[in-house]
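Residue numbers (the working numbering), protein chains in the order written: chain A, 1 to 197; chain B, 1 to 197.
These are calculated hints, taken from the structure and not from any lab test.
There may be inaccurate statements among the hints.
What the hints assert, rightly or not - FRET-style restraints, in silico, Cβ to Cβ:
#1 B:His49 / A:Lys193: 40 to 48 Å
#2 B:Asp73 / A:Gln9: 19 to 27 Å
#3 A:Lys195 / B:Lys147: 45 to 53 Å
#4 B:Lys2 / A:Ala184: 49 to 57 Å
#5 B:Lys112 / A:Cys185: 19 to 27 Å
#6 A:Gln143 / B:Lys165: 41 to 49 Å
#7 A:His102 / B:Tyr74: 28 to 36 Å
#8 A:Gln9 / B:Lys165: 43 to 51 Å
To be verified - In the BS3-like style, the derived pairs of lysine-lysine whose C-alpha atoms are separated by at most 27 Å in a straight line are:
#9 B:Lys112 / B:Lys84
#10 B:Lys84 / A:Lys82
#11 B:Lys15 / A:Lys84
#12 A:Lys21 / B:Lys7
#13 A:Lys84 / A:Lys195
#14 B:Lys112 / A:Lys15
#15 A:Lys84 / B:Lys84
#16 B:Lys82 / A:Lys84
#17 B:Lys147 / B:Lys165
#18 A:Lys40 / B:Lys40
#19 A:Lys21 / B:Lys84
#20 A:Lys112 / B:Lys7
#21 B:Lys2 / B:Lys82
#22 A:Lys2 / A:Lys21
#23 A:Lys82 / B:Lys82
#24 A:Lys7 / B:Lys82
#25 A:Lys2 / A:Lys15
#26 B:Lys112 / A:Lys21
#27 B:Lys82 / A:Lys15
#28 A:Lys112 / B:Lys165
#29 B:Lys15 / A:Lys82
#30 B:Lys2 / A:Lys82
#31 A:Lys15 / A:Lys112
#32 B:Lys15 / A:Lys15
#33 A:Lys84 / B:Lys21
#34 B:Lys2 / A:Lys7
To be verified - Computed far set for chain A versus chain B, every beta-carbon distance over 10 Å:
#35 Gln9
#36 Asp23
#37 Asp168
#38 Asp180
C-beta: ideal position from N, C-alpha, C; glycine also.
2 protein chains.
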Amino acid sequence: MKALEEKIQAEGIVKAGDILKVDHFLNHQIDTAFLDEIGKEFQRLFHQHHITKILTIEASGIAIALATARYFDYIPVVFAKKAKTAQMSDDVYHTSIHSYTHQTTSDVVVAKQYLSCEDHVFIVDDFLANGCAVFGLIDLVCQAHAKVEGIGIVIEKGHQAGGQKLRDQGYHLESLAIIDSMNACTGEIIFRKQKEG
Amino acid sequence: MKALEEKIQAEGIVKAGDILKVDHFLNHQIDTAFLDEIGKEFQRLFHQHHITKILTIEASGIAIALATARYFDYIPVVFAKKAKTAQMSDDVYHTSIHSYTHQTTSDVVVAKQYLSCEDHVFIVDDFLANGCAVFGLIDLVCQAHAKVEGIGIVIEKGHQAGGQKLRDQGYHLESLAIIDSMNACTGEIIFRKQKEG
């Protein structure tokens, strides 16, 4: 998505430790008109799928999921919650997600009543790097015996392994921008060439 | 908002400890079409204000803020973040918010660059009880020398003190549903009568 690459170039900040900050329009302040374009683009890329529900994880994924749902006839959004131990019960599907950025492991839950074997799920998230968050969400969908129809990512770090692993496993994954490399000293970001619609 | 009261009656669950769970359409699973109606209603109630930015707090507020921004010409949303100590710096406005529900105190931050003295801020959130979260957000707006134009709440617990305090201080506060009492044994919820638009 050319407009996204331009936005990342203009407003993203590359930091040491392979970190790209997009707080200006996605992760702290939200450019709501632009987010609408992201939702529209996901619809274009996944319209051939029969999707009944959008699944994401709090907090940054929520806005993306909501903007996308509008373009899929206002289907429900479910966001997985980072759980306190007290929330662990027989009523929830549970998985653990490790964050390499924060060096933490979170327990993540979805209430069983919000994912069923009849659901065709579109997973969305802001970033894909090692894929831990997405594999965690897939795990929750599998526990519910629901079907993963596709995975929509705003920014993929193409030089990390998550994207390749997911594609190798046969998932329909689309990342609106794929970063092949970035340089914290110069701020330079190199995007992978993708075909535009 | 009559439709909201009906939705709470139909889908909300009253629990012991003055807790109302609206996970079915607002706080875990999101009824995205209904959220759109909530955004439209906030626009109707606050259209006379000059608003440049919507401020909320992660995670549950994000979807509400986004749905509302669409009806205010796609103005930016900023969500305050629950901070790790490492995020405390001179670059952020910082406040502490106590949650009576979870019996925790969170450090909450907004990056200074996303709130300025020129901003006219509309604060939105899902619940208002004691008002700790809203007063925390007001504190952040004040630190930025910005102006609070209004406060939009989806569900106010009218039997708790937050709403009255905010109104007494002269804020334009609108809650789409105000609960005067609820009973965890019978599930009964009594709403305060409000005039409809």
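Going through the numbered hints above, which ones does this structure break? Give me the numbers in ascending order.
Hint check: 12, 13, 21, 28, 30, 31, 32, 34 and 36 fail, others pass.
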